[in-house]
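Turn these sequences into a full structure, and let the hints guide you.
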Amino acid sequence: MERGTFLYEVWVARWSLLSGFGITLSASVLTIAIATLLGLILGIGLTYGWRPLRWLIRIYVDALRGIPVLVLILFAYYGLALFKINVPPFWAGVIALAAFSIAHIAETIRGGIESLPQGQTEAAKAIGLQFHQRLAYVIIPLATRRVLPPWMNTCAEIVKNTTLLSIIGVVEFLLSNQQAIARNYLVLQFYLFAAVVYLLINFTISQLGAKLERRYAHFRY
Amino acid sequence: MVRRGILGLSAAGAAVGGLASAGLGLLAPTSARAQEAGTSRLQTVLERGHLIVGTGSTNPPWHFEDESGTLVGMDIDMARLLARGLFDDPEKVEFVLQGPDARIPSLITEKVDIVCQFMTVTPGRAQQADFTVPYYREGVGVMMMADGDYKTFDDLKAAGSDLTLSALQNVFIEDWAHKELPEARVDQFESPDAALQALNARRVDGYFGDQSAIRWLMQQAPDRYIDAGRGWMPNSYASAVKQGDPIWLNWVNTVYREAMLGVDFDYFAASYQKWFGITLETPKVGFPSEFA
Amino acid sequence: MATSKAALLLQARGVTKSFGDLEILKGIDLDVRQGQVVALIGASGSGKTTFLRCINLLEEYERGEIRLDGEQIGYRVESRERRRLSEAQVSAQRARIGMVFQSFNLFPHMSAEQNVMLGLTKVRGKPKVEAQEIARHWLDRVGLADRRDHYPYQLSGGQQQRVAIARAVAMEPRLLLFDEVTSALDPELVAEVLAVMQDLARSGMTMLLVSHEMLFVRQVADHVVFMDGGVVAQAGAPAEVFERPATPRLRQFLGRFHGILTGAG
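Sequence lines, in order, name chains A, B and C. Residues in the first sequence are numbered consecutively from 10, following the working numbering. Residues in the second sequence are numbered consecutively from 24, following the working numbering. Residues in the third sequence are numbered consecutively from 92, following the working numbering.
Check the hints yourself; a few may be wrong.
As the list claims (entries may be wrong) - A short, non-exhaustive set of chain A residues, derived as facing chain C with CB atoms under 8 Å:
| # | residue |
| --- | --- |
| 1 | Gly88 |
| 2 | Phe92 |
| 3 | Lys93 |
| 4 | Gly128 |
| 5 | Glu131 |
| 6 | Ala132 |
| 7 | Ala135 |
| 8 | Gly137 |
| 9 | Leu138 |
| 10 | Gln139 |
| 11 | Gln142 |
| 12 | Tyr146 |
| 13 | Val147 |
| 14 | Leu151 |
Calculated from the structure, these hints are not laboratory results. By construction, the Cβ of each residue, glycine as well, lies at the ideal position given by its N, Cα and C atoms.
Structure below.
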């Protein structure tokens with residue numbers, strides 16, 4: 010390989026690129042896990058909570074969906090520091106991304122639950138299942154199928170949004186590419202490379218989603 | 024040491040590291056916060072045992088990663104000089120990577136002790152942070168192919184409207200070029216790479232950009248390009264610290280000034296040679312010329 | 092057939108219920124004795140389904156009381172104030188009352204067998220093997236032994252409703268409620284469901300049903316209650332209600348089924 014060619018430069022930057030890839034992946038996975046778990050809880054609260062609680066969650070969901078993610082990231086890193094809360098940049102980024110995505114997932118979950126036929130809940134009540142059992146055995150499994158496509162969209166958005174962590178110095182995959190570009194000026198090649206890698210990540214997610222959808226294909230009503 | 028977003032993840036050996044090391048990030052990194060009100064940052068830094076510096080990683084020759092993944096550049100040399108002055112060890116510095124927009128916020132929120140990140144001194148910024156003495160004067164200039172038609176700045180001037188320059192896209196870029204070359208045509212490009220390619224392909228007569236970038240490019244490919252030898256639109260690069268800490272500011276200023284004119288001149292001159300290809304003249308012995 | 096000497100199982104007194112300004116139930120009194128089959132008949136909007144749903148608290152009733160085995164459903168009275176029972180207590184009461192719905196409401200993500208097993212394992216706390224045995228017994232009883240691994244979408248309406256009956260009865264409820272269970276079925280599928288219900292009635296299951304299948308009601312019910320405008324207008328043995336309607340409203344209501352009833356008579 011000749012010095013200055015794309016492949017040579019990728020080889021030279023391999024550790025940095027792999028590390029960036031690892032950080033993009035871990036930030037995505039952590040954000041998706043946190044946002045899905047808390048989004049599910051808030052979504053259930055939004056559907057079944059007593060009125061003041063529903064109202065509070067509604068304010069959170071609407072507010073967070075209306076704020077650019079970039080602002081949330083800057084706030085989590087710099088804004089919180091003003092209140093003497095120092096969060097490492099990686100975690101500030103994950104918290105901000107999760108806070109944003111929770112709002113989307115909560116709203117998705119609420120929609121999924123409310124679209125279920127009332128008869129399902131009534132049948133579950135009639136055999137004596139308690140609230141948490143109705144959720145666990147009937148409502149969540151059924152809502153899952155409806156929620157899967159929008160949830161996958163949110164996951165893909167999360168992966169793309171991790172690029173914003175570079176502004177607070179998290180060397181995620183895009184920034185690791187930019188660092189290589191700064192050294193070798195192969196702008197087009199490295200950006201194309203980054204685009205292909207992000208595409209592959211999201212392709213993998215959509216494949217996983219499609220697999221899950223097939224598994225739940227018999228949830229018809 | 025470089026804090027690459029999450030703590031302790033060095034470029035090498037992090038191949039598998041992404042997921043595993045994310046956990047390490049839970050441990051809060053050392054904060055640059057002063058321990059108590061009234062204490063100078065100088066004291067805080069000395070007690071902490073290392074300096075925390077805000078900088079970037081994508082702008083040669085100021086701050087970028089070399090092929091081994093180590094952060095290098097003029098800004099990095101200045102930071103290491105400070106660490107050497109504090110701890111007698113240029114390695115005792117933690118770099119916090121950040122975008123240019125983050126320079127003042129990270130000072131205000133005390134994420135860093137000092138910013139070394141090609142920061143242009145402006146009156147506006149000076150209201151939000153305290154600048155040190157400058158260590159470089161940036162300006163715009165023109166670079167041509169060594170074997171091209173134009174050899175000097177006078178050649179460019181004489182070419183008038185026949186002259187075409189390539190430049191990185193910027194709202195003001197045409198006005199800046201026209202200050203010295205009023206008739207030149209300026210082709211704007213999306214990336215510095217594309218602007219440079221235009222010159223390499225001889226689609227333009229010159230590359231119009233920052234003097235430091237021009238000098239860096241000339242260093243990278245010796246004998247390929249020539250500098251027109253004229254710089255204009257001056258602006259000074261300095262470090263910045265949080266406002267209101269005269270002891271800390273004065274200490275940094277002392278180190279910088281003595282690097283440019285005193286005990287650390289050799290270190291400073293070596294950096295200038297390395298990053299800009301500029302050979303500095305040894306300060307005259309005798310009366311301190313800066314007061315002349 | 093149960094006699095009037097059998098123990099009182101369900102006792103409703105003065106049950107009222109409104110939806111906004113609309114008073115649906117205006118004070119319902121009703122007794123169901125152990126082993127009895129009681130049919131609620133009446134025009135749509137007369138409150139039969141609402142009353143049925145109050146019995147297992149799918150609707151909250153406002154005044155009056157409903158008692159199962161002497162225990163008030165859904166509420167306890169504490170220093171003259173009515174308080175709702177906890178979720179766990181309400182669920183335990185519901186588990187003693189089975190319900191079959193008009194629209195079957197089988198869980199679409201579970202096979203026929205899993206539908207029947209869910210309450211047995213999660214509510215009754217039975218081990219899986221035992222629950223499976225019970226489920227298979229009841230699916231066999233409703234004639235669906237060979238369909239136990241089928242999902243609801245693979246079953247006809249009549250088969251789904253039989254699974255739903257198996258799901259309800261497998262819980263060994265004290266009382267089984269049927270809410271117009273054949274109304275959503277194609278005519279040719281009605282008979283298979285009614286046959287299952289008749290079989291259950293013969294085995295001594297206490298049943299309260301809302302139905303428009305007058306022939307079935309006449310043949311199977313021990314006691315018929317005609318509801319009209321949110322009150323019980325007439326109640327008695329089928330022969331009495333069907334042959335000696337006391338009000339013009341009941342006469343008019345039964346007139347619609349005239350052909351069927353006399354044809355069967």
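When the least beta-carbon distance from alanine 135/A to chain C is tested against 8 Å, hint result
holds (4 Å)
Interface hint for glycine 128/A, Cβ within 8 Å of any Cβ on chain C
It holds, given that the least Cβ distance between glycine 128/A and chain C is near 4 Å, below 8 Å.
Under 8 Å, Cβ to Cβ, is where glutamine 139/A needs to be relative to chain C, so tell me if that hint holds or is violated.
With a minimum Cβ separation of about 5 Å from chain C (threshold 8 Å), the hint on glutamine 139/A holds.
Just to be careful: measuring from the Cβ of tyrosine 146/A to every Cβ in chain C, is the smallest value less than 8 Å?
Holds. Min distance 6 Å.
Would you settle whether the hint for lysine 93/A is holds or violated, based on the nearest Cβ-Cβ distance to chain C being less than 8 Å?
Interface hint status for lysine 93/A: violated (42 Å vs cutoff 8 Å).
Hold the hint about glutamine 142/A up to the distance rule: shortest CB distance to chain C must be less than 8 Å.
holds (5 Å)
Is the interface hint satisfied for leucine 138/A? The criterion is a beta-carbon contact with chain C at less than 8 Å.
holds (6 Å)
Would you check whether leucine 151/A satisfies its interface hint, that is, whether its CB is within less than 8 Å of any CB in chain C?
OK, holds: leucine 151/A within 8 Å of chain C, min 6 Å.
Closest C-beta approach of glycine 88/A to chain C relative to 8 Å, hint status
violated (41 Å)
Does the nearest C-beta of chain C fall within a distance shorter than 8 Å of the C-beta of glutamate 131/A?
holds (5 Å)
Grab the minimum C-beta distance from valine 147/A to chain C and call the hint holds if it beats 8 Å, violated otherwise.
holds (6 Å)
With chain C as the partner, please determine if glycine 137/A meets the hint condition of a C-beta pair closer than 8 Å.
Cβ of glycine 137/A sits 3 Å from chain C, so the hint holds.
Checked against the numbered hints given earlier, this structure breaks hints 1, 2 and 3; the rest are met.
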